[in-house]
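Colleague: Sequence:
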Amino acid sequence: MKKFEEKTTKTTPIYDGKIVKLQVDDVTLPNGNVAKREIIKHPGAVAVIAVTDEGKLVLVEQYRKALERSIIEIPAGKLEPGEEPIVTASRELEEETGYGAQSLTYLQAFATSPGFADEVIHLFVAKDLYKIENKADLDEDEFVELLEVSLEEAQQMVADERIYDAKTAFAVLWLAAQ
2 MKKFEEKTTK TTPIYDGKIV KLQVDDVTLP NGNVAKREII KHPGAVAVIA VTDEGKLVLV
62 EQYRKALERS IIEIPAGKLE PGEEPIVTAS RELEEETGYG AQSLTYLQAF ATSPGFADEV
122 IHLFVAKDLY KIENKADLDE DEFVELLEVS LEEAQQMVAD ERIYDAKTAF AVLWLAAQ
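For the sequence shown, counting from 1, position 127 maps to 128 in the numbering used here; every step adds exactly one.
Careful: at least some of the hints might be erroneous.
[What the hints assert, rightly or not] No more than 25 Å apart at the CA atoms, straight line, and that leaves these computed lysine to any residue pairs for SDA-like: (1) Lys11 - Gly45; (2) Lys8 - Leu30; (3) Lys168 - Ile41; (4) Lys128 - Leu105; (5) Lys168 - Leu23.
Hint data in this document are derived by calculation from the structure and do not stem from the laboratory.
Given the sequences, and given the hints that come with them, work out the whole structure.
Modeller: And the structure:
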């Protein structure tokens, strides 16, 4: 038994959407009591820390409906079924920024919201960037603006809460530690 494991006794599907599924699990707790857990199932995602030869961090600004505002983020996107994370990372970098990378290195993976979601983001570092002549198009419901900023500017964006999501704040901290 895993430490503090909760045994699922019943799963009730609630919603099956384009990106996420919602289910409610009945679980038996380590002390024998019973509880309900609302869980979002997500296919996983990638995010890319892309750095230009001039040392600029490549970011995108986009509107996030869940927050009802625009935020600035590192390029990222959802894994497609059966797709390897490195393929997704390369595709999302191109679609969102118009850049390709000679070097795309896996850094690590982490859970985004483990209290209620199973989403895991695979984080990559992209270096030796080059502009792509005829870049892939963004998804039809995606609107982004490209930014290239210094580490100091990115740190100020975190302080100003223009960078507001965990993956991008992590990227800025990681870059500062290098």
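Colleague: Now look at each hint and say whether the structure bears it out.
Modeller: For each hint, the structure was consulted:
1. Proposed proximity of lysine 11 and glycine 45 is supported: the alpha carbons are some 24 Å apart, at most 25 Å.
2. Proximity of lysine 8 to leucine 30 is assessed by CA-CA distance (about 7 Å); at most 25 Å being required, the pair is judged to hold.
3. In summary, the hint linking lysine 168 to isoleucine 41 is supported, as the alpha carbons are separated by about 18 Å, within the 25 Å threshold.
4. Proposed proximity of lysine 128 and leucine 105 is supported: the alpha carbons are some 7 Å apart, at most 25 Å.
5. For the proposed pair lysine 168 and leucine 23, the alpha carbon gap of about 23 Å is at most 25 Å, so the pair holds.
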